[in-house]
Amino acid sequence: MQITRGMRLTEAKTYVAGKLGVSVLDLSDPTVMLDVRKELGLGGILESGEITDIDDPMGIEAKFNIAAVLDVPVNCVERFRAKAGRRRPAQI
Amino acid sequence: MEPRIATRMGDGSLVEMTRSEIKADLEEGTQQSAKRAKVDPLTQDELDHLLDIYASSARFTAVDIGDEVVMSNDGTGTKHIGNRVQDLQTYEQVLGIDIVELWQIDYSYKAIKTNVAHEGQAMKIAQMLCTNPVQYGAMPDLGRYSKPDGPIDNWSELLPLMKVDEARAAQIEACAMLVEDINFVADHMVEAGADGIDMDTTGAAGDADFLAGLTACRMLREKYPFLGIEIGMASEFVLGMHGQLEFDGERLAGMWPKDQLRMVQAAGGSIYGPAVNINTGKSTAWNIARAITIIKPAMEIAEIPVHVNVGMGVGGVPTCVYPPADATSRASKAFVEILKIDGY
Amino acid sequence: MGTGDPLGMEGAHTQASGMGGMRTAGDLVARMQMTRRMRLKEAKAYVADKLGCTPRDLSDPSAMEQIRIEKGLGTLPFTSSVRPGEAGMIEAKFNISQVLDIPINSVERFKERVGLASSFAV
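From first to last, the protein sequence lines are chains A, P and H.
Read in the numbering used here, the first sequence has 16 at position 16, and its numbers run on one by one without any break.
Plus 92 on top of the position in the second sequence (first one is 1) and you've got the numbering used here.
Plus 436 on top of the position in the third sequence (first one is 1) and you've got the numbering used here.
These are computed hints drawn from the structure, not numbers from a lab.
Careful, some of the hints might be misleading.
Keeping only pairs whose Cα atoms sit at most 35 Å apart, straight-line, the calculated DSBU-like set for lysine-lysine is [what the hints assert, rightly or not]: (1) H:K486 x A:K63; (2) P:K130 x H:K507; (3) H:K477 x P:K127; (4) P:K205 x P:K171; (5) H:K477 x P:K432; (6) P:K130 x P:K374; (7) A:K63 x P:K350; (8) P:K205 x A:K38; (9) H:K507 x P:K315; (10) H:K507 x P:K127; (11) P:K315 x A:K63; (12) H:K507 x P:K350; (13) P:K171 x P:K432; (14) P:K315 x A:K38; (15) P:K171 x A:K38; (16) H:K477 x A:K63; (17) P:K239 x H:K477; (18) P:K239 x P:K255; (19) P:K171 x P:K315; (20) P:K130 x H:K486; (21) P:K239 x H:K486; (22) P:K350 x P:K130; (23) H:K486 x P:K315; (24) P:K171 x A:K63; (25) P:K432 x H:K486; (26) H:K507 x P:K115; (27) P:K350 x H:K477; (28) H:K507 x H:K486; (29) A:K38 x A:K19.
Only chain A is shown next, with the shape it has when bound in the complex (with noise of 0.2 Å):
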């Protein structure tokens, strides 16, 4: 939120926190941002497979995601969106 719509830092959390539904504490707590991030499928550390898994979206995935969840525009996602809906945009 700081780089795509320039918020300072009390109100980037708080945009983040109303969007997840958490509280501002828990966007730095671990142990709550691990089932959220997982429960959104915002990504997680592939820590040995063990707690994010192959069901779970990693990389570009997660982002595709976090775009969505927070209802911003996320570079690499549009333009994955752009180049893998070559013959059929609608349905990207």
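Based on the hints, put chains P and H in the right spot on chain A.
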């Protein structure tokens, strides 16, 4: 005096032979294998064609433009340059391989079962980074289920004791475990995005090993209609370690490539890989004539793609870790032009 | 294929008789063999028809470079030819799936994980 041509032995060593000697080796190779496998020897046209390919002093040879075939690459990568996914990217982008394969060094479905989550994650990352089809491969490797490596009584120890019934029962029990493990690993790999599953060196432990591969193949085909399933063989002949096992009512022991292919087709396989081992004491000309003679009947009935095993020690490629490109390319051209194979 | 050092084995085979992977249409023909169990001739004819070219073009890197760029099927990035604006890696597989009219497992899984509509039942 007849000129001598530099050519290769089955162990990779460079020797000099005359055109007449190479011709004689081709004829002996086809006659001996035809008798052994109870198939027809190669025709005179085919032998002449092979002679043109092998009685050449060229450093490299190739098929005609437009006759190229698909390269599936079981065991993709060196394992020692970069990581495994980088290996796949290298083979996709530098070597021009068409189907790359993710695998681990302990190339056995039983071994992979214990770390399948890690293998799945690697497959998922590979799928993100590769455009080529990426399959997952390992050996059925039935022997892993017998003592001391596994829980089942060792049939190789029971047979010399004349405990034939016990040895057979042990193989059947192991076969069921293997089918379950192949399914277990394949399910995870499909979930991770795999394009195909490769059962490589199938039949290494005999007919029960082959039966496990066929049974697992049929189960996977029913579950995943889109999935590439490749069954590559361990050798030209299915050993009858059990001796009475059947698939679709047909006895597996003693099957040569034509019947092996029929079974793979019936099980729903996508690609069949025949393997004919090298005789290191004979020339590559003798070995290629033997391999093509044995595989030819399979090509005549093939309804699915046939990717011949042509790596170190099989399919006319010498048994040495640095296969000379003169020998490799001659085998490559011979299989494509004479058997009209679908790939390697 | 088999084992052996990469240059003497895979490198020699691909130069002697290989379609060429992503340099050409080898990966596309391979997909038809894997997914539809097509033999080589049928697979080449199918892919050529979908791409609007001849079967011989499928092994021709010069012809296929243009076709792959035009249809977004992925190209090889190397020193004198990098195209970050073109589809590559998994992006290209979305387009390959559409062009060849076959499901690609990893593409369908990707769609599942990011909430995109699926074209095939996998």
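Evaluation of the provided hints:
With a C-alpha separation of about 32 Å, the suggested pairing of K486 (chain H) with K63 (chain A) holds against the 35 Å cut-off. At roughly 50 Å between alpha-carbon atoms, K130 (chain P) and K507 (chain H) are farther apart than 35 Å, so this suggested pair is violated. With a C-alpha separation of about 32 Å, the suggested pair K477 (chain H) and K127 (chain P) falls inside the 35 Å cut-off, and the hint holds. Simply put, K205 (chain P) and K171 (chain P) have alpha-carbon atoms about 20 Å apart, close enough for the 35 Å limit, and the pair holds.
With a C-alpha separation of about 10 Å, the suggested pair K477 (chain H) and K432 (chain P) falls inside the 35 Å cut-off, and the hint holds. Straight-line distance between C-alpha atoms of K130 (chain P) and K374 (chain P) comes to about 21 Å, which keeps the hinted pair within the 35 Å bound. For the hint pairing K63 (chain A) with K350 (chain P), the CA-to-CA distance comes to about 50 Å; that exceeds 35 Å, so the pair is violated. Pair hint K205 (chain P) plus K38 (chain A) holds up; C-alpha atoms about 25 Å apart against a cutoff of 35 Å.
About 32 Å separates the Cα atoms of K507 (chain H) and K315 (chain P), which keeps this hinted pair within 35 Å; it holds. Between K507 (chain H) and K127 (chain P) the alpha-carbon distance is near 52 Å, which puts this suggested pair outside the 35 Å criterion. Among the hinted pairs, K315 (chain P) with K63 (chain A) is consistent with the structure: their alpha-carbon atoms are about 31 Å apart, no more than 35 Å. Under the criterion of a C-alpha separation no larger than 35 Å, the hint pairing K507 (chain H) with K350 (chain P) is inconsistent with the structure, at around 40 Å.
Note on K171 (chain P) and K432 (chain P): the hinted pairing holds, with a Cα-Cα distance of about 32 Å set against a maximum of 35 Å. Simply put, K315 (chain P) and K38 (chain A) have alpha-carbon atoms about 28 Å apart, close enough for the 35 Å limit, and the pair holds. This hinted pair checks out: K171 (chain P) and K38 (chain A) have alpha carbons roughly 33 Å apart, not beyond 35 Å. Distance check on the hinted pair: K477 (chain H) and K63 (chain A) sit about 41 Å apart at the alpha-carbon level, beyond 35 Å; violated.
Between K239 (chain P) and K477 (chain H) the CA atoms are separated by roughly 47 Å; this puts the pair beyond 35 Å, and the hint is violated. With a C-alpha separation of about 16 Å, the suggested pair K239 (chain P) and K255 (chain P) falls inside the 35 Å cut-off, and the hint holds. At roughly 32 Å between alpha-carbon atoms, K171 (chain P) and K315 (chain P) fall within 35 Å of each other, so this suggested pair holds. Distance hint between K130 (chain P) and K486 (chain H) is unfulfilled; the C-alpha atoms sit about 43 Å from each other, more than 35 Å.
For the hint pairing K239 (chain P) with K486 (chain H), the CA-to-CA distance comes to about 53 Å; that exceeds 35 Å, so the pair is violated. Under the criterion of a C-alpha separation no larger than 35 Å, the hint pairing K350 (chain P) with K130 (chain P) is consistent with the structure, at around 11 Å. Taken as a hint, the K486 (chain H) and K315 (chain P) pair is honoured in the structure, with Cα atoms around 28 Å apart against an allowance of 35 Å. Of the pairs offered as hints, the one joining K171 (chain P) and K63 (chain A) holds, with about 31 Å between alpha carbons and a cut-off of 35 Å not exceeded.
Taken as a hint, the K432 (chain P) and K486 (chain H) pair is honoured in the structure, with Cα atoms around 24 Å apart against an allowance of 35 Å. For the hint pairing K507 (chain H) with K115 (chain P), the CA-to-CA distance comes to about 49 Å; that exceeds 35 Å, so the pair is violated. For the hint linking K350 (chain P) to K477 (chain H), the alpha-carbon distance of about 20 Å falls within 35 Å, and the restraint holds. Of the pairs offered as hints, the one joining K507 (chain H) and K486 (chain H) holds, with about 11 Å between alpha carbons and a cut-off of 35 Å not exceeded.
At most 35 Å may separate the alpha-carbon atoms for a hinted pair to count; K38 (chain A) and K19 (chain A) meet this at roughly 15 Å.
Checked against the numbered hints given earlier, the structure breaks hints 2, 7, 10, 12, 16, 17, 20, 21, 26 and satisfies all the rest.
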